[in-house]
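Chains as they are written, first to last, in my numbering: chain A, 399 to 519; chain B, 223 to 837.
Don't read these hints as lab results, they were simulated from the structure.
Cβ coordinates follow ideal geometry from the N, Cα and C atoms, glycine included.
Warning: the hint list may mix true and false statements.
Derived Cβ-Cβ restraints for the label pairs, each shown as a range [stated by the list, open to error]: (1) 466/A <-> 360/B: 18 to 28 Å; (2) 313/B <-> 436/A: 51 to 61 Å; (3) 466/A <-> 325/B: 31 to 41 Å; (4) 466/A <-> 590/B: 38 to 48 Å.
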Amino acid sequence: MPHSALQHLIRAGSIDGIPDRVTGAITDDFCEDCVNRKLTWAPHSKPAACAEHPLLQVFSDVHGPIPVHSRQGHCYWVTFIDDHSQFPAVYFIARKSEVYGAFRKYKAWAENLTGQQISIL
Amino acid sequence: MSGDFDDFLTGAGIRREHSIHDMPQQLGVTEWMNRSIAEGVTTLLSQSGLACTWWEDAVMHWLHGKIHLPSSSTAPLTPFELFYGRKPDLSSMRPFGCLTYVHLQKDQHPALLPPTTQCILIGYPTDYKGWRFWDPQTCKMVISDSAVFHESTFPFHKPGLSGVDMSVNPILPAGAATPDPPDPPAIRFPTILADPLEPPAPLPVPAIQPSPAPVPVPEPMPAPVPAPTADPLDSGQPDLAPQLPAHALPLHDLPECPRTPPAVKQLTSHFKHHPSLGLPLPPKCVSRARLPGALAEANSAGPTHSFAIPLVDAVECALNTSISIKLKTLADVLKRPDADKWVAAALAEIEAHLQNGTWELVQLPPGRCAIGSRWVFKIKRLPDGSIDKYKGRIMAQGYSQVQGIHYNEIFASTARMATMHTILAIAAVEDLELESVDISTAFLNRDIDAEIYMKIPEGLEFEGDPRPGEDPKRWVVHLLKGLYGIKQGPRIWALKLHLVLTSIGFERIDCDYSVYVYSHSNDHIMMPIHIDNLLLALNSKAAIQCVKSDLMAHFKIHDQGLTTLILGIKIEHDCTACTISLSQPGYVESILEQFRMINCNPSLTPMDKNQKLSA
Numbered sequence: 399m400p401h402s403a404l405q406h407l408i409r410a411g412s413i414d415g416i417p418d419r420v421t422g423a424i425t426d427d428f429c430e431d432c433v434n435r436k437l438t439w440a441p442h443s444k445p446a447a448c449a450e451h452p453l454l455q456v457f458s459d460v461h462g463p464i465p466v467h468s469r470q471g472h473c474y475w476v477t478f479i480d481d482h483s484q485f486p487a488v489y490f491i492a493r494k495s496e497v498y499g500a501f502r503k504y505k506a507w508a509e510n511l512t513g514q515q516i517s518i519l
Numbered sequence: 223m224s225g226d227f228d229d230f231l232t233g234a235g236i237r238r239e240h241s242i243h244d245m246p247q248q249l250g251v252t253e254w255m256n257r258s259i260a261e262g263v264t265t266l267l268s269q270s271g272l273a274c275t276w277w278e279d280a281v282m283h284w285l286h287g288k289i290h291l292p293s294s295s296t297a298p299l300t301p302f303e304l305f306y307g308r309k310p311d312l313s314s315m316r317p318f319g320c321l322t323y324v325h326l327q328k329d330q331h332p333a334l335l336p337p338t339t340q341c342i343l344i345g346y347p348t349d350y351k352g353w354r355f356w357d358p359q360t361c362k363m364v365i366s367d368s369a370v371f372h373e374s375t376f377p378f379h380k381p382g383l384s385g386v387d388m389s390v391n392p393i394l395p396a397g398a399a400t401p402d403p404p405d406p407p408a409i410r411f412p413t414i415l416a417d418p419l420e421p422p423a424p425l426p427v428p429a430i431q432p433s434p435a436p437v438p439v440p441e442p443m444p445a446p447v448p449a450p451t452a453d454p455l456d457s458g459q460p461d462l463a464p465q466l467p468a469h470a471l472p473l474h475d476l477p478e479c480p481r482t483p484p485a486v487k488q489l490t491s492h493f494k495h496h497p498s499l500g501l502p503l504p505p506k507c508v509s510r511a512r513l514p515g516a517l518a519e520a521n522s523a524g525p526t527h528s529f530a531i532p533l534v535d536a537v538e539c540a541l542n543t544s545i546s547i548k549l550k551t552l553a554d555v556l557k558r559p560d561a562d563k564w565v566a567a568a569l570a571e572i573e574a575h576l577q578n579g580t581w582e583l584v585q586l587p588p589g590r591c592a593i594g595s596r597w598v599f600k601i602k603r604l605p606d607g608s609i610d611k612y613k614g615r616i617m618a619q620g621y622s623q624v625q626g627i628h629y630n631e632i633f634a635s636t637a638r639m640a641t642m643h644t645i646l647a648i649a650a651v652e653d654l655e656l657e658s659v660d661i662s663t664a665f666l667n668r669d670i671d672a673e674i675y676m677k678i679p680e681g682l683e684f685e686g687d688p689r690p691g692e693d694p695k696r697w698v699v700h701l702l703k704g705l706y707g708i709k710q711g712p713r714i715w716a717l718k719l720h721l722v723l724t725s726i727g728f729e730r731i732d733c734d735y736s737v738y739v740y741s742h743s744n745d746h747i748m749m750p751i752h753i754d755n756l757l758l759a760l761n762s763k764a765a766i767q768c769v770k771s772d773l774m775a776h777f778k779i780h781d782q783g784l785t786t787l788i789l790g791i792k793i794e795h796d797c798t799a800c801t802i803s804l805s806q807p808g809y810v811e812s813i814l815e816q817f818r819m820i821n822c823n824p825s826l827t828p829m830d831k832n833q834k835l836s837a
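My request is simple: use the sequences and hints to build the entire structure.
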């Protein structure tokens, strides 16, 4: 029987006859076995509040490889999403190493357009 | 990521926030966007019918719409407005892949021809005002701002097919052969004039330049079909069967034969035996290398064509095309201890056709097509699942028959299951006897009602000397009787059976055309018919003998005596308790075997006990 369940039953008075040396051992202390077994993922926090102005925070991810190359020969796309406007910008690349170039293009284009600087990527 | 990238970010004063490895949940925004894009692309490609290689254009097209729609966190404003600081203009939006008539410049079209070309819309260029089109005739990209859109027509979309069409693979600029869009429905579609050339909202995403060399996508070529290999067993083997005397007719006699050979053909089967196969043929079969007397006499009587058709081992048939339902490969057949039984089954089938006169050998008349034929091997099982007999059948490939040429009516009635149950119930109450009669090779009994030619079945081979200039491959069999697989086979059989039954005193009842009744003084017989299975429920032994002898005069029947099995249903008749029990153990076992549950534990209530059933 799990440690915590036994403890619960004794406290509630549902069961009797557990020797004192056993009940005495049951404490509210940290139980390493329980932690080992029962630890789960922390719940994902709600999305933080949107940034106050464009380009304050930009999310980025690479998607792919797409099994079919596009006509232009690309098989990945890299997404940049401005947190403020949720404005998605997509660049197509053939290799993951081209992400750097894609970001430079995005930065030049977006900062020129909005007049803001990218702060957090 | 590369050190350059990190250096660049540091230099630009950009803070980097990573997500934990394998924790895409922390990247909810972009992961969600990527999923949306992927779904959007699939939708656009499906709607437009374009090949998968167009996904990049589809992504751009989809994003163009996405930035003009409010997202849940930005509503009621659109991403476009939040980013650009002005309201978007949607007047230029058009469906992806729709039919478009693009106006050509004066110098780009020949005189006197319409100054338009038919294209499909594939996007919005970022650096031009207008739309980007693709011209399937020239396989070129066109950018124009003068176009008429037919927004509900997608030239590459195949009607009746859903999903992305992989066959259309327009690779640019290879100029690959691409199906032209179907002719537009004249010029009568509702004319949608292009808006007065508002500048389309420029996409924020310029394609990365220079783009790497396009990776050519291999054209989906049909895999070369291996030519059917010649049967190695069939060459150079001496025939064991004796040559027929007519075979030695001088060649110059042959051209004088009538163009249409006489009705009675000599079909001689030579049963070849290949010692390498290690399969001794039943001696009975070898001795039957010649046809029964009548045909042989007809052959020797006149200067008719003589053809010898050797029957190759049935095992060879299996080697070539015949796929047994139970036996997957020839190796299986040969390894099986019952291989000789399959041979015997095939030989019996050939014999039945030759005796029956199912076909005659003719040259295929010009303008006619011969349908195919093949072998089917099957094990027929008893109700308890044990092997009853081995069957080999020559099947016509009736699916290539054309209505109006090869057949007209094909309907044939079979007894409904409810009718069967009713009659069995009556039989139980009135304590009737149940007997079964099976009619052998039922479909071969009736003359066929159309002119059908069939390729010579596998294992039978034309061996005569063709007339000079004639293609031996043009020899086909002209079907005189019905054959399995022929579309009208069941119908002509049912008509024939109806004629016979009415002539011997049966009456067809009106509520189910497959049930016949026979009433004579105190003898009553009810007979539901399932194609060639006759179930007789009767109250007198005398009548049954009378009926059977009548049937035997017309057909070759297989009297199964007291019914134990009808249509795969096991029947147990308890005369003392006046009950008839139906069960299908063989069927249940085959299902269990199919789903590999043959060793499962039995359950008294084969459903979830805790299921709450409510209305």
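The hints, checked one at a time:
no. : hint                        : result
1   : 466/A <-> 360/B: 18 to 28 Å : 24 Å, holds
2   : 313/B <-> 436/A: 51 to 61 Å : 59 Å, holds
3   : 466/A <-> 325/B: 31 to 41 Å : 33 Å, holds
4   : 466/A <-> 590/B: 38 to 48 Å : 46 Å, holds
Of the hints listed earlier, there is not a single one the structure fails to meet.
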